[in-house]
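> Read off the chains here:
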Amino acid sequence: KNEVEQSPQNLTAQEGEFITINCSYSVGISALHWLQQHPGGGIVSLFMLSSGKKKHGRLIATINIQEKHSSLHITASHPRDSAVYICAPTGGSQGNLIFGKGTKLSVKP
Amino acid sequence: EAGVTQFPSHSVIEKGQTVTLRCDPISGHDNLYWYRRVMGKEIKFLLHFVKESKQDESGMPNNRFLAERTGGTYSTLKVQPAELEDSGVYFCASSSSSYEQYFGPGTRLTVT
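Quick note, the sequences are listed as chains A and B, same order. The first sequence runs 125 to 233 under my numbering. The second sequence runs 955 to 1066 under my numbering.
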């Protein structure tokens, strides 16, 4: 069993839809990153959170440390949100990340 | 403020050759991480520097990989000799004490 499980693996949405990507992990962590990777490969950190909820524009991330679960929500999705979204808890004592396989999101106009 | 930079962006080498990847972290970031993604797999941790010291190199696949961070600024990752299975995208990230990591654009390595 992978230490980080994301669902769904692939997601196709219509522009304007509300999107949720889920992440469950089995390792003990101090924090969790949500990352975005566009075609072309560059990785952008969207959030780092260790408790509760964070919001940035149309993006919302939540985490429940006790349940070892995090979610990334996108409100009013747009085609430019199409990318791979990766959940990455900090697995090591020094902050190195353990990566999920990613969720490939495609938002159609 | 400049972000994390990596050089080269793409490298194509033959099996048995040597390649050196470079990462320049954000200025002032003591923590520097190397990760890689091989085809079809999730990104995996390779190693972690704090300043010039290797804090954790548990993810390095074998002794063909050598990472250095002389002076605690930029880092290099040398693969010698390269094998076909080393092909992939190598990412570097840096962070300050807050542990929020900022990623470079990656180096795509192709070993033929």
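It should be emphasised that the hints constitute simulated quantities derived from the structure, not laboratory data. Incorrect hints may appear among the rest.
To be verified - Partial chain A-side listing against chain B, Cβ under 10 Å, derived: (1) L159; (2) P163; (3) G164; (4) L221; (5) I222.
Stated by the list, open to error - Looking from chain A toward chain B, a few residues come up when the C-beta cut is under 7 Å (computed): (6) G165; (7) G166; (8) I167; (9) M172; (10) G176; (11) K178; (12) N220; (13) F223.
Keep in mind that this is a model prediction, so the values were computed, not measured. Cβ atoms here follow ideal geometry from the backbone N, Cα and C, with glycine treated the same way.
> How about A:L159: closest beta carbon in chain B under 10 Å, or not?
7 Å, holds
> Hint A:I222 vs chain B: min CB-CB distance below 10 Å?
Since chain B brings a Cβ to about 7 Å from A:I222, closer than 10 Å, the hint holds.
> Take the shortest C-beta to C-beta distance between A:I167 and chain B; is it under 7 Å?
4 Å, holds
> Hint A:G164 vs chain B: min CB-CB distance below 10 Å?
9 Å, holds
> Does A:L221 pass the interface check with chain B, least Cβ-Cβ distance below 10 Å?
6 Å, holds
> Holds or violated: is the Cβ of A:N220 closer than 7 Å to a Cβ in chain B?
5 Å, holds
> Taking 7 Å as the limit, does the beta-carbon of A:F223 come near enough to a beta-carbon in chain B?
It holds, given that the least Cβ distance between A:F223 and chain B is near 4 Å, below 7 Å.
> Does the closest beta carbon of chain B sit nearer than 10 Å to the beta carbon of A:P163?
13 Å, violated
> Hint check: is the beta carbon of A:G165 less than 7 Å from a beta carbon of chain B?
At 5 Å from the nearest chain B Cβ, A:G165 passes the 7 Å test, so the hint holds.
> Using Cβ atoms only, decide whether A:G176 comes closer than 7 Å to chain B, and label the hint accordingly.
Status violated, d = 16 Å.
> Next item in the hint list is A:G166. Is there a CB on chain B closer than 7 Å to its CB?
Constraint on A:G166 satisfied, holds at 5 Å.
> Does A:K178 pass the interface check with chain B, least Cβ-Cβ distance below 7 Å?
Violated. Min distance 11 Å.
In summary, the numbered hints that this structure violates are 2, 10, 11.
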